[in-house]
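Q: In case you want the letters, here they are:
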Amino acid sequence: DAGVTQSPTHLIKTRGQQVTLRCSPKSGHDTVSWYQQALGQGPQFIFQYYEEEERQRGNFPDRFSGHQFPNYSSELNVNALLLGDSALYLCASSLDRGRRDQPQHFGDGTRLSIL
Amino acid sequence: RKEVEQDPGPFNVPEGATVAFNCTYSNSASQSFFWYRQDCRKEPKLLMSVYSSGNEDGRFTAQLNRASQYISLLIRDSKLSDSATYLCAVNMGRLYFGRGTQLTVWP
Chain B
1 DAGVTQSPTH LIKTRGQQVT LRCSPKSGHD TVSWYQQALG QGPQFIFQYY EEEERQRGNF
61 PDRFSGHQFP NYSSELNVNA LLLGDSALYL CASSLDRGRR DQPQHFGDGT RLSIL
Chain A
1001 RKEVEQDPGP FNVPEGATVA FNCTYSNSAS QSFFWYRQDC RKEPKLLMSV YSSGNEDGRF
1061 TAQLNRASQY ISLLIRDSKL SDSATYLCAV NMGRLYFGRG TQLTVWP
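Just so you know, the protein sequences line up as chains B and A, in that order. One point on numbering: in this note's numbering, the residue at position 76 of the first sequence is 76, and numbering is uninterrupted. One point on numbering: in this note's numbering, the residue at position 56 of the second sequence is 1056, and numbering is uninterrupted.
Here chain A stands alone, though its shape is the one from the complex:
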């Protein structure tokens, strides 16, 4: 089993839609969790850290479920500019990345 599993999608949604991505991780002792956004042929950019109590940054909400060992990212009111690949990353002594979920928002 891979350390971090992520549905690669693709997800194709209209503008204004709400979309959610999940990642599961294998090590219950994982220390910290992150979501990154990666545009085509660019580097990953840190979108947000994920905290145990859940956290929100504008239209983006991240949640952590330690009991079930998954993290999620919810994007509300999708914009065309949200089109990208979203990578989850889990720190188990070092960062393990999922393979990324591709999101396309269409007009």
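Looking at chain B on its own, in the form it has when it is part of the complex:
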């Protein structure tokens, strides 16, 4: 039973570029959330997708956008990259069935470095 998988594992970009990160949820899960984790901090919520729609959004600018596909996989896009976007980007999935209180399971993350 595959867990949450993310790609790529590492990425180096320069300021101003755009990046797309990908996530496949754990088998059977229907909800995908994205988090940004800076060094020494807890994960910060970016947004959550359920039924192919953005259900909730954290305090991140519009440069951060996403998508969920019919197979529940998801993408996170970041435009106009800034140095401060360097972080570990985590995808988490859960089986919510609309309840929103189920534990989330994380992928290995994508470590994004901006030069």
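Don't take every hint at face value.
Label-pair distances were calculated between CB atoms; the ranges are [to be verified]:
1. B:Leu39 <-> A:Glu1005: 13 to 21 Å
2. B:Phe69 <-> A:Lys1079: 37 to 45 Å
3. A:Arg1066 <-> B:His10: 36 to 44 Å
If you're looking for bench data, these hints aren't it; they were derived computationally from the structure. Virtual Cβ for every residue (Gly too), placed ideally from N, Cα, C.
Model the placement of chain A on the given structure of chain B, informed by the hints.
A: Then chain A, alone, in the frame of chain B:
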């Protein structure tokens, strides 16, 4: 005030010690609570959910105090392998994480 406050530590304890971590949360309507463990440069892994009546999983005990709005994690008989960062997470419509408490268990 942050939604979830957690003492970052670090906690340095010998093998066999008992150690406790606390987290406070701001929203009394919070729905569910969790503890995650995160090893260096790895993803958070769900350690346990926290239930109102308190719950135990081997050497780990989690408790919830709704009146005072905090959750706790107690680790008994610490092992070297318990060394990690422990993150509390509170669901207030979405998950809010504390910044994590770093634990080092030494021989």
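Q: Work down the list of hints and note, for each, if the structure agrees.
A: Hints and how they fare:
1. B:Leu39 <-> A:Glu1005: 13 to 21 Å: Holds: the Cβ-Cβ distance is about 19 Å, inside 13 to 21 Å.
2. B:Phe69 <-> A:Lys1079: 37 to 45 Å: holds, 42 Å
3. A:Arg1066 <-> B:His10: 36 to 44 Å: Taking Cβ atoms as reference, Arg1066 of chain A and His10 of chain B lie about 42 Å apart, which means the hint holds.
When held up to the earlier numbered hints, the structure conflicts with none and fits them all.
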